[in-house]
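Peer 1: Chains A and S are the protein sequences, given in the same order. Here the first sequence is numbered in this note's numbering, starting from 385 and rising by one per residue. Here the second sequence is numbered in this note's numbering, starting from 8 and rising by one per residue.
For the record, the hints were derived by calculation from the structure and aren't laboratory data. Among these hints, one or two may not hold up.
[Claimed, not checked] Here are the simulated lysine-lysine pairs, BS3-like style, with alpha carbons at most 27 Å apart:
id: 1; chain 1: S; residue 1: K154; chain 2: S; residue 2: K115
id: 2; chain 1: A; residue 1: K409; chain 2: S; residue 2: K115
id: 3; chain 1: S; residue 1: K154; chain 2: A; residue 2: K409
id: 4; chain 1: S; residue 1: K17; chain 2: A; residue 2: K427
Here is how the chains run, residue by residue.
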Amino acid sequence: MTDNSNNNRADIGLEPLLQAHIGRKLREFYDSAVREPVPDRFKLLLDQLENGELESVGHEDEGNDPA
Amino acid sequence: MNHSKAPGLKEQLLAEIPSLRAFALSLSGIADRADDLVQDTLVKAWANADSFTHGTNMRAWLFTIMRNTFFSQYRKARREVQDVDGEAAARLVAMPDQMSHLDFTDFKAELDQLPADQREALVLIGASGFSYEEAAEICGVAVGTIKSRVNRARRRLIERLALQSEGEPAPDVSKA
Chain A
385 MTDNSNNNRA DIGLEPLLQA HIGRKLREFY DSAVREPVPD RFKLLLDQLE NGELESVGHE
445 DEGNDPA
Chain S
8 MNHSKAPGLK EQLLAEIPSL RAFALSLSGI ADRADDLVQD TLVKAWANAD SFTHGTNMRA
68 WLFTIMRNTF FSQYRKARRE VQDVDGEAAA RLVAMPDQMS HLDFTDFKAE LDQLPADQRE
128 ALVLIGASGF SYEEAAEICG VAVGTIKSRV NRARRRLIER LALQSEGEPA PDVSKA
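From just these sequences and the hints, can you work out the full model?
Peer 2: Here's what the structure looks like:
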């Protein structure tokens, strides 16, 4: 019983802290992904697109959805 | 010639790649697959550059392409989320003693356990910096739907956090 009321009080007090904590963790994860250097494959890809080497690929994916 | 793509499109896409990679990693969880998703998105964006309205948010446009690509692949692939969920839960319950403080052992792993639609909403709002209205537009759902997905994601993460820290001595019990 005393345990229960303790838990409730803890929950109420912790909730905003946990929310903030989760928010921080989320941004930490995301920002570290954003900061990663862009792999060369994407620069090459954009060069190929610019030179018209991959023009057709983007169109062929609609329409074969089995659902 | 057919080189009349919007001038500067290449540079604009290049500038968005870091954000695209972060969003892709949030969606798919596996780094290799995330970069494949970035690649598919870039190719589609290039092919459909006409559908981008100048003066609007290019990142939002790209994110829309990416998440639509992801969810159509996702529906086809039907990853066995259920199993993974149970395994991870078992693992976490088995080792609560190792948590020395109230924290996630691996936040990314916890994020990956969320249902994909909730994870997407949480990331768009909590990390990518989009408004609820923008996120709703990107996902093609109502603003209220985004809000409820974000709330459910947060609540679920809080529960996981509590679960992980269970079994530790309470930080400050004034009994002694």
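Peer 1: Now, for every hint given, state plainly whether the structure supports it.
Peer 2: Status of the hints after comparison with the structure:
Only pairs whose Cα atoms come within 27 Å are accepted, and S/K154 paired with S/K115 is accepted, the gap being roughly 21 Å. Our distance criterion of 27 Å between C-alpha atoms is met by A/K409 and S/K115, whose separation comes to about 9 Å. Note on S/K154 and A/K409: the hinted pairing holds, with a Cα-Cα distance of about 20 Å set against a maximum of 27 Å. At roughly 9 Å between alpha-carbon atoms, S/K17 and A/K427 fall within 27 Å of each other, so this suggested pair holds.
Consistency with the previously given hints is maintained throughout, with no hint failing.
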